[in-house]
Amino acid sequence: MIFIDANIFLEVMLQQEKAEVCKNLLQYVEKSPRCAWINIFHIFSMVLIVQHKTNQISKSKKLIESLGSYEGLQIYIPTLETIIRTIDIQIELNLDFDDSLVIATMTDLNISNIVTFDKHFDNIKGIEVLTPVRALNILERK
Amino acid sequence: MGIKINLNEEKEKQFREKAMRKFGYRKGSLSKAINEAIDMWLIHEQNPIKKLNNPTSTIYGLLKELKTTSTELQHSGISFFQKTKNQVG
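The listed protein sequences correspond, in order, to chains A and G. Here the first sequence is numbered in numbering that gives the first Met the number 0, starting from 0 and rising by one per residue. Here the second sequence is numbered in numbering that gives the first Met the number 0, starting from 0 and rising by one per residue.
These are computed hints drawn from the structure, not numbers from a lab.
In silico PhoX-like pairs for lysine-lysine, Cα to Cα no more than 25 Å straight-line: (1) A:Lys58 <-> G:Lys49; (2) A:Lys61 <-> G:Lys63; (3) G:Lys66 <-> A:Lys52; (4) G:Lys50 <-> A:Lys58; (5) A:Lys58 <-> G:Lys66.
Bear in mind the structure is a predicted one, so any value in this text is a computation, not a measurement.
All chains, full assembly: derive it from the sequences and hints.
As structure tokens, then:
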């Protein structure tokens with residue numbers, strides 16, 4: 000089981016340098032039941048990014064329809080207790096809310112693997128940062 | 000009317016502990032917890048969205064006109080929570 004950070008989806012949307020490897024991972028998640036998690040906060044965040052950066056609300060609807068079509072992607076909705084722990088992590092590790100929420104979510108889900116390009120997760124105890132290629136290898140082995 | 004289900008041992012243990020902690024160590028606590036869980040599930044499933052065949056291909060290049068990195072864009076997202084409706088085109 001892996002946690003997928005929003006930047007993996009954004010890399011595909013931006014069609015940048017690592018978009019192809021991210022696409023390969025996400026295409027695996029399309030067909031493999033319950034193998035990955037994302038946080039609902041990241042989904043809100045991506046919707047707002049698409050709406051504000053493109054001024055085309057219809058594109059954000061397309062994003063949501065797509066996210067709802069992954070067999071393997073489960074959406075985590077944090078509880079108030081999770082948000083309290085998020086704030087504690089913010090204070091303890093001096094991270095922003097977004098990154099702290101990811102750590103709190105992964106703790107709730109008992110997941111240690113995150114696929115992300117965000118360097119803020121390097122050297123955090125209990126968190127293993129995976130590249131999209133490595134994440135795909137791990138999922139395919141199971 | 001009742002439903003019989005199979006749970007793995009660890010999941011059942013966790014469920015019993017949480018249910019008892021929330022509803023008390025008395026008869027009916029498990030039923031209350033299961034009803035709450037089913038209510039939540041029914042809400043989530045009431046209007047399922049139509050599944051797309053190729054979701055990754057659908058979003059591929061959706062933001063290709065932007066000149067930024069995926070991590071910078073992600074971290075800019077939080078600022079959009081503060082903007083008002085009329086700032087969206």
